[in-house]
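K.L.:
Sequence:
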Amino acid sequence: MGQVLDKFQGKEWRQRQIRKITDQVYDHVKNQSRTANLTFEDLYIAVLLVFNDLNKHLPGPHFDPPSKDKVREIIKNCDINIDEEIDRDEFYSFIHEMTSETFSYVSQKLILTLVVAPTIAVATKRATEGVPGFGRVVQRLPNSVYASIVTLAAIWFQNTGQES
629 MGQVLDKFQG
639 KEWRQRQIRK
649 ITDQVYDHVK
659 NQSRTANLTF
669 EDLYIAVLLV
679 FNDLNKHLPG
689 PHFDPPSKDK
699 VREIIKNCDI
709 NIDEEIDRDE
719 FYSFIHEMTS
729 ETFSYVSQKL
739 ILTLVVAPTI
749 AVATKRATEG
759 VPGFGRVVQR
769 LPNSVYASIV
779 TLAAIWFQNT
789 GQES
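Counting the sequence shown from 1 gives a position; the numbering used here is that position plus 628.
Hints may contain errors.
Beta-carbon label-pair distances, calculated as ranges [to be verified]:
| id | residue 1 | residue 2 | range |
| --- | --- | --- | --- |
| 1 | Gln645 | Lys737 | 16 to 26 Å |
| 2 | Asp655 | Gln767 | 55 to 65 Å |
| 3 | Ser728 | Ser772 | 10 to 20 Å |
| 4 | Asp717 | Thr747 | 34 to 44 Å |
| 5 | Pro770 | Glu640 | 31 to 41 Å |
Distance condition first, Cα-Cα at most 16 Å in a straight line; then the derived EDC-like pairs of lysine to aspartate or glutamate [said to hold, decoys possible]:
| id | residue 1 | residue 2 |
| --- | --- | --- |
| 6 | Lys704 | Asp717 |
| 7 | Lys698 | Glu712 |
| 8 | Lys698 | Asp670 |
| 9 | Lys696 | Glu669 |
| 10 | Lys658 | Glu729 |
Note that these hints are calculated values from the structure, not bench results. All values derive from a computational prediction rather than experimental measurement. Using N, Cα and C, we set each Cβ at its ideal position, and we do this for glycine too.
All chains, please: the whole structure from these sequences, using the hints.
P.N.:
Structure, rendered in structure tokens:
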């Protein structure tokens with residue numbers, strides 16, 4: 629199902645969504661700035677805003693923004709015209725490079741939780757037959773309900789581990 633939706637919306641759709649978000653952040657920070665493009669200070673404010681939104685909206689642990697040294701390093705990679713300021717297109721590649729590790733971490737966690745946990749639950753349902761009391765209850769549950777319970781337990785354990 630996801631592959632079908634991916635074909636309809638595809639990478640172009642995701643790129644447009646990311647572009648929309650980066651344009652909003654760029655415009656917000658640029659309105660506060662008096663320069664033609666974003667300077668290092670403006671960019672660091674933008675990074676803090678982006679990571680604040682990521683922490684609000686993405687599941688998982690709190691993601692710390694990169695250090696100022698890391699931001700300077702990424703600016704060197706993204707500043708195509710080497711004017712030590714970032715324009716709108718450079719800002720898009722800057723944010724993309726800045727957040728790529730965060731998105732891959734969240735994607736891996738979601739895949740583990742939403743795909744692997746239910747698959748293991750259904751595959752190991754038979755192993756509970758020998759457990760007195762518990763085995764009979766598990767065998768009476770439909771596979772979908774049992775997989776949902778195990779998935780919720782996995783999410784709960786992940787969230788409990790993050791709070792410690």
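K.L.:
Taking the hints in turn, state whether each one holds.
P.N.:
A quick look at each hint next to the structure:
no.	hint	result
1	Gln645 x Lys737: 16 to 26 Å	holds (20 Å)
2	Asp655 x Gln767: 55 to 65 Å	holds (58 Å)
3	Ser728 x Ser772: 10 to 20 Å	violated (35 Å)
4	Asp717 x Thr747: 34 to 44 Å	holds (42 Å)
5	Pro770 x Glu640: 31 to 41 Å	holds (39 Å)
6	Lys704 x Asp717	holds (14 Å)
7	Lys698 x Glu712	holds (15 Å)
8	Lys698 x Asp670	holds (15 Å)
9	Lys696 x Glu669	holds (10 Å)
10	Lys658 x Glu729	violated (26 Å)
Checked against the numbered hints given earlier, this structure breaks hints 3 and 10; the rest are met.
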